[in-house]
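K.L.:
Position chains G, Z, V, A and R relative to chain E; hints supplied.
As they're listed, the protein sequences go chains E, G, Z, V, A and R. No gaps in the numbering here: position 41 of the first sequence is 41 in the numbering used here, and each next residue is one more. No gaps in the numbering here: position 61 of the second sequence is 61 in the numbering used here, and each next residue is one more. No gaps in the numbering here: position 2 of the third sequence is 2 in the numbering used here, and each next residue is one more. No gaps in the numbering here: position 223 of the fourth sequence is 223 in the numbering used here, and each next residue is one more. No gaps in the numbering here: position 265 of the fifth sequence is 265 in the numbering used here, and each next residue is one more. No gaps in the numbering here: position 28 of the sixth sequence is 28 in the numbering used here, and each next residue is one more.
Fair warning: there could be bad hints in the mix.
If several chains are the same, the list does not tell them apart, and a pair holds so long as it fits within one copy or across any two.
Said to hold, decoys possible - Pairs of lysine-lysine, BS3-like flavour, derived with a Cα cap of 25 Å:
#: 1; residue 1: Lys-153; residue 2: Lys-140
#: 2; residue 1: Lys-203; residue 2: Lys-8
#: 3; residue 1: Lys-209; residue 2: Lys-140
#: 4; residue 1: Lys-42; residue 2: Lys-8
#: 5; residue 1: Lys-110; residue 2: Lys-43
#: 6; residue 1: Lys-8; residue 2: Lys-110
#: 7; residue 1: Lys-8; residue 2: Lys-43
#: 8; residue 1: Lys-8; residue 2: Lys-57
#: 9; residue 1: Lys-153; residue 2: Lys-7
#: 10; residue 1: Lys-140; residue 2: Lys-203
#: 11; residue 1: Lys-140; residue 2: Lys-204
#: 12; residue 1: Lys-57; residue 2: Lys-203
#: 13; residue 1: Lys-57; residue 2: Lys-43
Hints listed in this document are in silico derivations from the structure and should not be mistaken for laboratory results.
Protein chains: 6
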Amino acid sequence: MTDSFYKKLYQSHQECPKCPSPVVISQFFVDLMQTLFPDFSKKTFSSQKELELHLNKLKIELDEMLTRNPMHGEVDLEDVAESFFNELPAIHERILDDITAMYQGDPAAKSRSEVIRTYPGFYAIAAYRVAHVLHSHGVKVIPRIITEHAHSKTGIDIHPGAQIGEHFCIDHGTGVVIGETTIIGNNVKVYQGVTLGALSVDKKDAETKRHPTIEDNVVIYAGATILGGNTTIGANSVVGGNVWLTRSIPANTKIYYQAKMHNSDTEQTDIYVYKEN
Amino acid sequence: MTDSFYKKLYQSHQECPKCPSPVVISQFFVDLMQTLFPDFSKKTFSSQKELELHLNKLKIELDEMLTRNPMHGEVDLEDVAESFFNELPAIHERILDDITAMYQGDPAAKSRSEVIRTYPGFYAIAAYRVAHVLHSHGVKVIPRIITEHAHSKTGIDIHPGAQIGEHFCIDHGTGVVIGETTIIGNNVKVYQGVTLGALSVDKKDAETKRHPTIEDNVVIYAGATILGGNTTIGANSVVGGNVWLTRSIPANTKIYYQAKMHNSDTEQTDIYVYKEN
Amino acid sequence: MTDSFYKKLYQSHQECPKCPSPVVISQFFVDLMQTLFPDFSKKTFSSQKELELHLNKLKIELDEMLTRNPMHGEVDLEDVAESFFNELPAIHERILDDITAMYQGDPAAKSRSEVIRTYPGFYAIAAYRVAHVLHSHGVKVIPRIITEHAHSKTGIDIHPGAQIGEHFCIDHGTGVVIGETTIIGNNVKVYQGVTLGALSVDKKDAETKRHPTIEDNVVIYAGATILGGNTTIGANSVVGGNVWLTRSIPANTKIYYQAKMHNSDTEQTDIYVYKEN
Amino acid sequence: MTDSFYKKLYQSHQECPKCPSPVVISQFFVDLMQTLFPDFSKKTFSSQKELELHLNKLKIELDEMLTRNPMHGEVDLEDVAESFFNELPAIHERILDDITAMYQGDPAAKSRSEVIRTYPGFYAIAAYRVAHVLHSHGVKVIPRIITEHAHSKTGIDIHPGAQIGEHFCIDHGTGVVIGETTIIGNNVKVYQGVTLGALSVDKKDAETKRHPTIEDNVVIYAGATILGGNTTIGANSVVGGNVWLTRSIPANTKIYYQAKMHNSDTEQTDIYVYKEN
Amino acid sequence: MTDSFYKKLYQSHQECPKCPSPVVISQFFVDLMQTLFPDFSKKTFSSQKELELHLNKLKIELDEMLTRNPMHGEVDLEDVAESFFNELPAIHERILDDITAMYQGDPAAKSRSEVIRTYPGFYAIAAYRVAHVLHSHGVKVIPRIITEHAHSKTGIDIHPGAQIGEHFCIDHGTGVVIGETTIIGNNVKVYQGVTLGALSVDKKDAETKRHPTIEDNVVIYAGATILGGNTTIGANSVVGGNVWLTRSIPANTKIYYQAKMHNSDTEQTDIYVYKEN
Amino acid sequence: MTDSFYKKLYQSHQECPKCPSPVVISQFFVDLMQTLFPDFSKKTFSSQKELELHLNKLKIELDEMLTRNPMHGEVDLEDVAESFFNELPAIHERILDDITAMYQGDPAAKSRSEVIRTYPGFYAIAAYRVAHVLHSHGVKVIPRIITEHAHSKTGIDIHPGAQIGEHFCIDHGTGVVIGETTIIGNNVKVYQGVTLGALSVDKKDAETKRHPTIEDNVVIYAGATILGGNTTIGANSVVGGNVWLTRSIPANTKIYYQAKMHNSDTEQTDIYVYKEN
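The following block holds chain E by itself, in its conformation from the complex (with noise of 0.2 Å):
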């Protein structure tokens, strides 16, 4: 190491602007979810006036990190805690609906209970619609670092950018990737492993809608790719595991590959055909 590296170094810890935490960030999410999730939670509140109270905290907690951590731009920042809690019934709602989906969507689901404390779906789910309103009131980086804390716990990216429907469920979730410009229809249901990704990689393009649509009622099973701005999959459509994407198919379609299948007792290959259930 030498003095120019320690001089560079330091010259680069000068230069970095303050913001806020991902602990800090992700202790607010954290503290957000056990107010509107008992089953989450340990919080116990003594009366309603309590429990109104937290949420107020919670409220100049956002604008705090907000203040600490301005948009460079001509968005003003300074109404957006306000806003949000004022959205947050709605945003309630909706995650109580992802909710309905998760437990009716798999039979191992013993209870809703069961989806809050233990379904990483949820968690991830649930991350993504408050970092979403964050995103469309215009903040930049906290979003982010709020749906980064959900991949970081159960693997499933979803960008605060995508717009995603109404019951929306996905299972086990290992995986999953939901791109900034993905638009997402009502009853859509996501196994681990699927991608709805980009094609192009040029910076030019980030304006542009750069991953799939997916309309409503679609079901797209494990480890399928699914690539492309351009790239539509219609209604009630079934996307195979595994299937690589990079087109659009029409609605109420049925897509997946085929095997080869080879047998050393007999010596016999075969094409192993999907046959669906």
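P.N.:
What follows is chains G, Z, V, A and R alone, placed relative to chain E:
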């Protein structure tokens, strides 16, 4: 935020039954692991008696958690802690055997100690072995929280209800999903991203077998997805990477995909054939 | 639990050599990251001298860990901490270059600071760069614990022994596995769920090359699995999502699967052809 | 331990009203101190607005604590948090003046910053100033917990109900006790081990003045004990070390003990006379 | 620092026997207190059985600590944990009676709950009651650590070996010292700064009574120092503040100092006579 | 709270220089203590080299703290850390000798290990020994924070500037105050509540000797207060409990108070004479 929102939220807090927090349950599991696997541990015991007492303290902690979170049914949880700790030596043997499987199955593993210290597969399987015994005694939420703790840490999601034979090996493991009614034989090896999942998502099928059966000595490569309660992978078979299976394959079978390969130098397109090593 | 169980367990605790706990090692790595990357950090330094002292303290901490965990072999760990910190400026440059690769390769990235604060790919590659240098000096368990720390946090599993060129980019990253003897050229990009793994699982092959070679400028899409020590992906090739490769492909090749597509409206079944964008 | 013991104990837990834990109250106080006295603090604020928001968050936290711990009486705690924070600038001025008193009164003090960072007298008086205002609004247990927090940390025990004038100085301070109905004028200085206590211990005297009155400019040396509600130390008096007073002394008085002194060389016994310096 | 210094220091670490850390012992005591005194506690129990299990867990923790820290003598610690918890209901009653003494003895106390939550005297006496029973079973270091924990927190230093009767009250308490062979009757009250100490400091007197005897119903005011194994304060006596006693006083005695009082207005010097209130 | 209040407060935060937090300094001291005194410690060292490295890490930590908190004067702190650690073996010897003094001076002490584990006098003297060396090198705030850390924990307040000879013993100790310019000879013993303080409180006397001189082999009983820079307690003297001294006493002197004693049975009032044991 309106008064009716506060009111509804407060009511939901009032109605939520107390139960042991995920933090407490995870600490119990980690403490048990540190006691069973010294390589994993900073714990020191000055004598055998101290170790005995420590295990007996863990037994009471389990009993406390069960008392706080009783079954809502006919099952009697009175003796579960006692029974579980009676079975602990057998569970310990089982996990030691899994460690051997992982050590033997990965040339990169330098020692059993390295497997214990650094292999996520070890951690996830150990969590499953512990959770499975609790689950088989009728305990509901606690085993799920134990396996989700391991899921969050390792990306490996094994349902406590799955039945997994001896000498089980998971390599790397991120993205592995093993569903509630899966049956796995002895000496099976699965790689990262493998799903043993369900096709049916009908709540009325909750009591039926919805996940596949994997017979002895099967190897399933990374990213393969095997779905359905009637799907059986016959003994000694090899499932290629990323293959998506929804029907059974017989014993001694190899199954894989073929890819198209286009070379822009020669402008030729060929079939890429999987060649066994 | 019988006395013989207690006895055996106590004995295993007695025999287990002391070595630095994963917690201590992870804290060392996190502290190093906070010192090298101010965006990642809540650390403040009041002067360049304080930063210098802090880096020198980290050097002693590394030496402490090595002293507690000596190699059982001929390698001399005496000077490893010194050497590692001499190489630190170069490691730092390397990671800064990887950050540039990730920033340029993702239109969703708004700034290098966002990459440092929120990209799991950054975290996993930085852990690898640090661990690789330690590994190349003959240190055994510590580098593995560093990369497993990153694996647990990001779902990205890179073995410290892998050789990875400049300007490396991992996008999203959950489920990525890069094995011990992998060789990766410059300017390579891999997406989530990509495996660069081994076919052989024979312990006697531990010293041979078991993982693939990826030449310069290759892109590997989500979920692709590339296996085997003799498998080389030629320069400038593109590996499609979910493709499973166990043999080499030449330079300038695109490889992908074809899917069957069945539409229940038209009752037609077609081949779905991958179309390059 | 018998069943009736368990039963009684469990019942006492059931009957115990929830109220804010000492830990939460102490954290509130410490946070307030760090906001008011930067020398005491690791807190940083990036802008004035962030500081404003932080103080407003502390206001809500106080309101939360009061809501959780309502008075059992006619006093309305609705507006206490609001009132307290309206008075905060005045409280702040008061404590700054006390700091000046301590700085001027101790030649060993090198700066006001040293007083804030290291003087237990500062900490105990600040806790009293804060607790006294809450107490004067009718809050019961919380102010006591704040002063006991300071008591535990400093060994200085000031009851929130005491009335203490401006420019108050406690030097060293361990063992200082200032009772509930004590009245202290301006510019008073007390040393370690000084008690301003009660003689009466009759519960029916709870509402009467049981502790002494100390007029302006009095100095009380280490270990002096002054007891009783009718005991007044007149202005400008000096109370010698270890003196025990239960009656008033007039203004401008010096009071002290005489000791016997026996020298084993000379075998003489003398009266040791206190000589003013 | 020379090599011989390192060598000597390292040797002293090698030779130091393992024993439970003060942190572990303090946590045991705090947990016990929270279980016995709900006002002191954030602990909640969902049922009587959970409380029973918790007390049984504490019993094992005590046994663990004793196992790690065996006596070096003939005393058998095998059954101490069992015996201690059998006596726990009686210890509990004793402390409840002390709480009553403190509540009745201080007009400032608004409720027994306030005594438990905020009185250092309560904390120190409770620690003594617990430590004394352990000490009487022959346990050596652990009881000392429990009372030193309370000493550090409250400034009240009671040796576990002291014999203290029922209905004991300490008010304020900072600086109270009660030595190893002190005997205190029933219904005694001591204020802050009171020492019940030894005159002899000869190691060969370690087994003799070196500390005073305080008979029933004695009150000892702040700062009084009573020394010597043959010193007895007769029943119903009152010891004035700061008095230093090294010989016995009979029952029904009041003892106090006289002070000189000099008034600079009148230039008169008077004897200040203690007047009983 | 008005805007001008916020403004003033924010400004004070801006102006406050960064310096090491009391928490960091206390941790340094505790870590040093655990390294020097294994009985005090949960630290384990696997080899002498690890211990050496650890002490060297502590040296860098001290240097970091000094760098963050430079003197505002002509003193050069460059080499202080180096010098301090060169003197550490001698400091260690000094404290070991103090431990011997406390062990020999208290019949209740069962072993030197008990002194280290539970005697507040040990802790406070050790903190003084460490702080005094730093203070003698011109370091200002850090030594004060170290001794205040010990003051808060033990109730013993020793200024780092005091000069204390060998074989020093403090018994119990709560309330002991030893001022900045005190000089104490060898083999001195003080009990709880003893003050060695100043009479002058004039800032212009900051550089003069304001605290007493205690010559060799003096014993000072509980609660005695000795004040003034010209006050010398001659060698081999005994100062009785609670005595208040502001002038010198010659060598070989015993000094004590006489109390009035009134017996309500006999209605007699006597002088209580201190009788040496």
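K.L.:
Hints first: check each against the structure and report whether it holds.
P.N.:
Cross-check of the supplied hints:
Proximity of Lys-153 and Lys-140 under a CA criterion of 25 Å is satisfied in both settings, with 21 Å inside one chain copy and 23 Å between copies. Taking identical chains as interchangeable, the C-alpha atoms of Lys-203 and Lys-8 are never at most 25 Å apart, the minima being 28 Å within one chain and 46 Å between chains. For the homomeric pair Lys-209 and Lys-140, the shortest alpha-carbon distance inside one copy (18 Å) is at most 25 Å, but the shortest distance between copies (44 Å) is not. Proximity of Lys-42 and Lys-8 under a CA criterion of 25 Å is satisfied inter-copy only: 18 Å between copies versus 46 Å inside one chain copy.
For the homomeric pair Lys-110 and Lys-43, the shortest alpha-carbon distance inside one copy (24 Å) is at most 25 Å, but the shortest distance between copies (29 Å) is not. Taking the closest pair of Cα atoms, Lys-8 and Lys-110 come within 25 Å of each other only across two copies (24 Å); inside a single copy the shortest separation is 57 Å, beyond that limit. Only between protomers do Lys-8 and Lys-43 lie at most 25 Å apart by alpha-carbon distance; the minimum there is 16 Å, versus 46 Å within a single protomer. Within a single copy, Lys-8 and Lys-57 get their C-alpha atoms only as close as 40 Å, which misses the 25 Å cut-off; across copies the closest is 19 Å, which meets it.
In this assembly of identical chains, the alpha carbons of Lys-153 and Lys-7 never lie at most 25 Å apart, being 36 Å within a copy and 31 Å across copies at closest. With identical chains, the CA atoms of Lys-140 and Lys-203 are at most 25 Å apart within one copy only, with a shortest distance of 17 Å there and 40 Å across copies. For a Cα distance limit of 25 Å, the shortest separation of Lys-140 from Lys-204 inside one copy, 19 Å, qualifies, whereas the shortest one across copies, 44 Å, does not. Taking the shortest alpha-carbon separations for Lys-57 and Lys-203, neither the intra-copy value of 39 Å nor the inter-copy value of 40 Å comes in at or below 25 Å.
Taking the closest pair of Cα atoms, Lys-57 and Lys-43 come within 25 Å of each other both inside a single copy (14 Å) and across two copies (18 Å).
In terms of the numbered hints stated before, the structure departs from hints 2, 9 and 12, listed from lowest to highest.
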